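K.L.:
Fit chains B and C to the supplied structure of chain A, relying on the hints for placement.
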Amino acid sequence: MNPLLREIRHNPLLWLLAFVPVVLAIAQMQSEAHTLLFVLSVLAIVPLATLLSHATESVAAKTGDAVGGLLNATLGNLTELIIALTALGAGQYILVKASIAGAIVTNTLFMLGASFLLGGLKYHTQEFNRASARFQAGLLFLATVALLVPSVLIAGGAALHPTFMQELSLGLAVLLIAGYALGMLFSLRTHKEAFASVDAGESHEASWPIGLALATLAGVTVLVALVSEVFVESVQKAAETFGMSSAFVGFIVVALVGGAAEMASAFSGARKNRLDLSVGIALGSAAQIALFVAPVLVLLSYFIGPTPLDLQFWPGTVFMVLIATMTTALVTTSGRSTWFLGVLVLMVYLIFAMTLYLLPDQA
Amino acid sequence: MNPLLREIRHNPLLWLLAFVPVVLAIAQMQSEAHTLLFVLSVLAIVPLATLLSHATESVAAKTGDAVGGLLNATLGNLTELIIALTALGAGQYILVKASIAGAIVTNTLFMLGASFLLGGLKYHTQEFNRASARFQAGLLFLATVALLVPSVLIAGGAALHPTFMQELSLGLAVLLIAGYALGMLFSLRTHKEAFASVDAGESHEASWPIGLALATLAGVTVLVALVSEVFVESVQKAAETFGMSSAFVGFIVVALVGGAAEMASAFSGARKNRLDLSVGIALGSAAQIALFVAPVLVLLSYFIGPTPLDLQFWPGTVFMVLIATMTTALVTTSGRSTWFLGVLVLMVYLIFAMTLYLLPDQA
Amino acid sequence: MNPLLREIRHNPLLWLLAFVPVVLAIAQMQSEAHTLLFVLSVLAIVPLATLLSHATESVAAKTGDAVGGLLNATLGNLTELIIALTALGAGQYILVKASIAGAIVTNTLFMLGASFLLGGLKYHTQEFNRASARFQAGLLFLATVALLVPSVLIAGGAALHPTFMQELSLGLAVLLIAGYALGMLFSLRTHKEAFASVDAGESHEASWPIGLALATLAGVTVLVALVSEVFVESVQKAAETFGMSSAFVGFIVVALVGGAAEMASAFSGARKNRLDLSVGIALGSAAQIALFVAPVLVLLSYFIGPTPLDLQFWPGTVFMVLIATMTTALVTTSGRSTWFLGVLVLMVYLIFAMTLYLLPDQA
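Residue numbers (our numbering), protein chains in the order written: chain A, 1 to 363; chain B, 1 to 363; chain C, 1 to 363.
Bound-form chain A, shown alone (with noise of 0.2 Å):
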């Protein structure tokens, strides 16, 4: 246990772990504690994906390139999988649906603009690998379209049957994911030394034994499930205390939460400039979520919630990805970035923020 001991006394962001206890503690003894209980469930689950998202990478550094890939394509984002289950579970729909949202646009906007704004604080200008980040452009691009279908249909004013939206949603997680299974196969196969600077950054860190970061997969994921469903439960109620509309805690606190150890990674690569990294876990993240993480819950749900879960979300949310992918095309374009671009970037993410936060909660 000798380099997860040694990781955690290095990373001060893992000291937080220590509420891991805590909040599961105080979960058993006063449920009613709502606002304590959301503090400190989101103080235990950034720790715990910084660990989940390490062992992961370990897994993935010990079994080859190609399984290794597609490892880290699956579980890259098992933190938003695991609370957006657990919301499922206890059939909080709309959780659901603006955590799913929340995490592709958080990915792209703030992750993204964040990454090109400490990286140009630091340097005048910096390059990423543009065939890389338009890859991953695309598969949002198509991810953006299947979930724009549902809603074009309703603003058009179809009248449909009710298991119609049932049947598209499974039809068009079912293409998401064979269009992901695809993009895997070009970017781990058939096409791999178009990525090439991508992967050789992430293999830089130092990686676990196998057996310890399957051990820490398995404890962690346990772990976070369990702290997951003390922050579903008590998110709505905490939201109310602080005045925040549930539409800006799923799309905005969850997303920062899920991808708190993503964003540290990206954050990190960028002040160092490697840029390709930081957009790399970015968009690919986003990539991820659109194209495995919601289909997977699409599926999931006709096994685990009260009723099956769609594609149909609410206008608002749907205009919000749209322009998370169009502003990820433009950015894209050029494969420069300054600390302008940073701005840009980070405002469109400040104007979301702002509306949801301003958003009158019966909307």
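It cannot be assumed that every hint is accurate.
Heads up, the list lumps identical chains together, so a pair's fine if it works in one copy or across two of them.
[As the list claims (entries may be wrong)] Calculated pairs, DMTMM-like style, for lysine to aspartate or glutamate (alpha carbon to alpha carbon, straight line, at most 25 Å): (1) Lys122 with Glu193; (2) Lys62 with Glu7; (3) Lys192 with Glu127; (4) Lys237 with Glu32; (5) Lys62 with Asp310; (6) Lys237 with Glu7; (7) Lys122 with Glu229.
Simulated from the structure, these hints should not be mistaken for lab results.
Remember, predicted model here, so these are calculated numbers, not experimental data.
P.N.:
Showing chains B and C alone in chain A's frame:
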């Protein structure tokens, strides 16, 4: 008549010509066998469209660059025009509109995507003339804006005079034709050097003597018109039998039938690593339908149909055209293609096809 | 006063100054002659705007790069600001909003398109500074997102508190001004080398002594304010006389009048093969109106108008701004222009102008 017969012997697609007399005979005798007539008319239109496009090219090749380009640009989608005119005469306005929009979407997404995929399965990376693709994408963008305007006004809840939409459609049609004419001046005259490789590609095919070409053009046009009448009369009832929504039939089936000949050329170009040819056919054909066929139908509707045709489309249709144009713009920025780009573009088409297939018919 | 008189003698546009006393006198005597007053005020504003922009540039030239850039960036659209403030004071909110959106659309589509066309008729291909155009396109994209948000919320059917739209507009205004300020820091300070050729272009014109420039600035501002009052009072009634919808007047006529001076500079730049100058004026002016004039009007509306101004626009308006921004993004990716690119951009403008002209006034 030797070259025509030789071509028929060598091109298995043309053996389908045998269905032309069959469908016309059965239409006379058993006009109620809708499903049979639908299938037979589809099988008969495909070889006729192939002959028509070969005859047009042969005439174009004999008449020199500028006039030839003009001929190709106006008669290149004669099949689509005849089918739409037949539907217009029968007062089937929804079918007319669906087939226009469907042809744009099918050419940009299916024809382009399948060309990328087929070419990419054989060659690691393929390149194409960016300037030419951008020109076509620009024309498509203009047409998309024109198609969007009426829908946005309706969606904005404007209280509109009954004659307003007709005046607007007439104005838009004139503007689009003017844009198309200026585009031909640009690509065939003032800046033709930028479009060089596409033209070079198309002149490769063996061309017929001018007399044969003109006779084929005239004769086949009459045959297409006759078979189109059978097709338009049977399509609605046949769709019900197959359980297909009329939106699916107009958008997908009619577009695939009408464009079969061009698809054969585009795909064969991609397999021969002449992707310029494929991109030119796919986008050129889409632009031609949007900026020439559709406006001409609006103008002709004042003489042919029971009431004038307007350019107000169902919102879902406009959305698909918009996404097709955005996809084109994104895809043509780099001028390179791989198999996965083809998958991405085809997936967008699949999403649309699936949605239209599932969509209940009241919509 | 020599340089001012010399300029007036050499610039025929300035001879229109004779209409300034005429319009003010007639407004006193015959305040009911709306059509006459409208025509005269248009004729009087054009030369005043020309003087105003020349005076601003002269002051800017004397005060060094950074301060000068700042002055140009804030006072460059003083005419538009004064007209909008006058309309604001008169409580004509629809005119204010139409003139803001119209100025953005007119500058990006008409000024840019006509520059491309006029330049392209003289030169086969022209090039312009892509980095600078992209920067302005980025600012416009940010502003468009801000303008879209309120409309999308309304379209999404959200039940909104009456104060929500005001709070949101205030927040958006502050964000936009902050974005604009950071953009100036970027383009005038930290990365000014990327904007080099545009600045070089503008300093070519002969500049006035500082005293004359300041006196002109002050005096002409007062005159523009006086004439604007006549213009705003007469525009509605005059439009009825000419059979123009008020949307057409606000969007097209006011924008063309307010931007006449800048158009003269942009077109002359294009004819001299200094397309950087034209693109800089067109996009810079649009960005300035979107990120500086519009938010300043929102902030000032708390002190001037009867009720605060919000940023909720008519959906058709938002659509046109969105298309204008997309056109800008598409056009600026290549950094090259030909006459046909100008035609394409102008055609989009024509589609909008025609639609607004045909649109019945109840809308």
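K.L.:
I want to check one pair: Lys237 and Glu7. Are their C-alpha atoms no more than 25 Å apart within a copy, between two copies, both, or neither?
P.N.:
Answer is neither: 35 Å inside a copy and 70 Å across each miss the 25 Å cutoff.
K.L.:
Tell me, please, which holds for Lys62 and Glu7 at an alpha-carbon limit of 25 Å: within, between, both or neither?
P.N.:
Only inside one copy: Lys62 and Glu7 sit 18 Å apart there, 60 Å across copies, limit 25 Å.
K.L.:
Measure nothing new, just compare the shortest in-copy and cross-copy C-alpha distances for Lys122 and Glu229 to 25 Å and report within, between, both or neither.
P.N.:
Close neither inside one copy (40 Å) nor across copies (50 Å); limit 25 Å.
K.L.:
Is it within, between, both, or neither for Lys62 and Asp310, if the alpha carbons may be no more than 25 Å apart?
P.N.:
Answer is neither; intra-copy 37 Å and inter-copy 57 Å both fail.
K.L.:
How would you classify Lys122 and Glu193 at a CA-CA limit of 25 Å: within, between, both, or neither?
P.N.:
Result: close only across copies, 18 Å inter versus 29 Å intra.
K.L.:
Under a CA distance limit of 25 Å, which applies to Lys237 and Glu32: within one copy, between copies, both, or neither?
P.N.:
within (10 Å within a copy, 62 Å between copies)
K.L.:
Given identical chains, is Lys192 near Glu127, meaning Cα to Cα at most 25 Å, within a copy, between copies, both, or neither?
P.N.:
Cα proximity of Lys192 and Glu127: in one copy and across copies (20 Å, 19 Å).
This entry does not satisfy hints 5, 6, 7, going by the numbered hints stated previously.
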